[in-house]
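Participant: In case you want the letters, here they are:
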Amino acid sequence: MKKLVLHFGEEIVNNAITAKVILETQVPLNILRADVSEGGGVFLIEVPDEDCARIKTAFEAESVKVEPGKMIEKIDEKCIDCGACYSVCPVNAIEITPDSTIQFKYENCIGCLYCIDTCPFGAITIQE
Amino acid sequence: MKNSMVTKTYSEINEKIKRGEAVVVTAEEMIEIVQEKGEEAAAKEIDVVTTGTFGAMCSSGAFLNFGHSDPPIKMEKVLLNDVEAYHGTAAVDCYIGATKMSEKKPFEYGGGHVIEDLVAGKPVELRATAYGTDCYPRENLETVITINDLNQAILCNPRNGYQRYNAATNGRHETIYTYMGKLLPNYRNVTYSGAGCLSPLSNDPDYETIGIGTRIFLGGGIGYIIGEGTQHNPKTGFGTIMVKGDLKQMNSKFLKGAVFTKYGTTMYVGLGIPIPILNEGLARKTAIMDKDITVNVVDYGVPSRNRPTLRTVTYEELKSGRIELNGKTVNTSCLSSLKVAREVADTLRKWIQNGEFFLTAPVENLSTTQVFKPLDVRAKATVRSYLKPAITCTLDESVHDVAKKLIANSTNHIVVVDEANKLKGIVTSWDVTRAVAQGIDNLADIVTTRVYSASLDDPIDYSAREMTKHNISALPVIDSQKKVIGIVIAESILRHFDTNRT
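Residue numbers (this note's numbering), protein chains in the order written: chain A, 1 to 128; chain B, 1 to 502.
Be a bit skeptical, because a hint or two may be false.
Straight-line C-alpha distance at most 27 Å; calculated DSSO-like pairs for lysine-lysine [claimed, not checked]:
#, chain 1, residue 1, chain 2, residue 2
1, A, 78, B, 77
2, B, 248, A, 78
3, B, 16, B, 77
Simulated coverage check for chain A against chain B, where a stretch passes if three residues somewhere in it have a Cβ under 8 Å from a Cβ of chain B [unchecked claim]:
#, region
4, 6 to 12
5, 92 to 102
None of these hints come from the bench; they were simulated from the model.
Using N, Cα and C, we set each Cβ at its ideal position, and we do this for glycine too.
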């Protein structure tokens, strides 16, 4: 499974684009997260690897900006490998290796952003 | 206690260090050695065990001396990168504390960050103001300094290196932000601090080798223990140390400013103590394992000093990443870095192996009996403790009746009420005397109807101030419906102060 972030612009936010793409491509995409307001919307979706390219093309045809699904990023130079972030992650996207290094498994991340304000060193940033 | 088969001295160990022959291992490595070879053989073989920790230590800061400008200034307010430094000392000395926050960027940048920036060699903005004196005429100063410009930059931390620390969780229905980090609602996570078996004081819990003068690893440089830390509580296994070291020798990798969301700023301090293995008792103690160190899991959702404990837990369980709590499995977060703690212990090991670091015997060991007392905020005395029953009358009574009541109850104050016992006024013995002298018998003519009153929970010093201010000697005490529940008389307050005077 691959994650994609969809950016819906203000002018298209009222259109039933996602439903249209699902019907058109017949791909059962999974919406992990959806933030919609009058100013636009951001979706985090999960799609089977083999359908990823098709889905991307279908959304882009509807003027949706499609990016690889990374909602957050750990800045390794700032991280001291404490693990303050570890326990708030609801989907086990943060891993502690046997040598006590903190590793982010972005493929598991659903972009809930719970971890952002746990870091004492500001090492976790939101990907805009 | 059985006699030790192995005895070594500090000077023997230091001789070996000088010759490059000292056998040094970290506290994690020591566990296996003692398990394999036993205490006695381990004590013979191993000379020094190094420990380490790297965690948030709020009770940290640094003394800085700026030198004199021309014309000189007696600094009164000092700001370093907009973080105020304490300035109750001589003209150009100050103390910058780790938790003091920037005036412009609070909850983002603080004293810990200033110290980190100084150690990293970064320029730091210095602004100072003063009132100006004959000897220190300058009133303003604005410049940029680096650590090299300072005469002294001395890290001096009143409380570091907690032996162990309670783990935190949150029973409230909302997320809370604490110095123990972000705690999810309904006990959904646990946070903890400390390096467990690597933790310095846990490896010598009787402080056999730890005390004033012990040379240690501090912030990547060499430091010293200068005494027991504040809140040192050895009997319960919560010992602490006070440390100092030359900031100029330190490394910002082991001294980092940090922010706990909605709590404030602090500093992460890297700290390592070398434990000389003078006997097999110390070999045994330094082989302490994570499963031997227990702490309480405490509910930080309860805003009290006496937070309830949900269970006890070992560092082994905490380090596993999940524990059972109220029948559920919850994730645990370590707030200090085990990885950097290992680096501290390892660096110290290398220093000793390379003959760059020698051990010192403490000139005085840390106390093993000191007790940490809480602060009891003294209950402020309220009107309640001075309340006396009020003698009352109604307006339809005559002055004569009231005079009889004064005598019968040997009091100077009669409170006037209506049928519902609501406050209507007050009559004093002075009012009655005057009425008799002037031949008045209508009570309404002599009653004071604009009455000052008090409530049960008013602080007594407030009521005393009211009486002095209005030159009166008593206050009727009323409830929220203005019903009279008693009286407080100046005389009883005076008597109280008199009996309490020693």
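Participant: Which numbered hints turn out to be false for this structure?
Facilitator: 1, 3, 4
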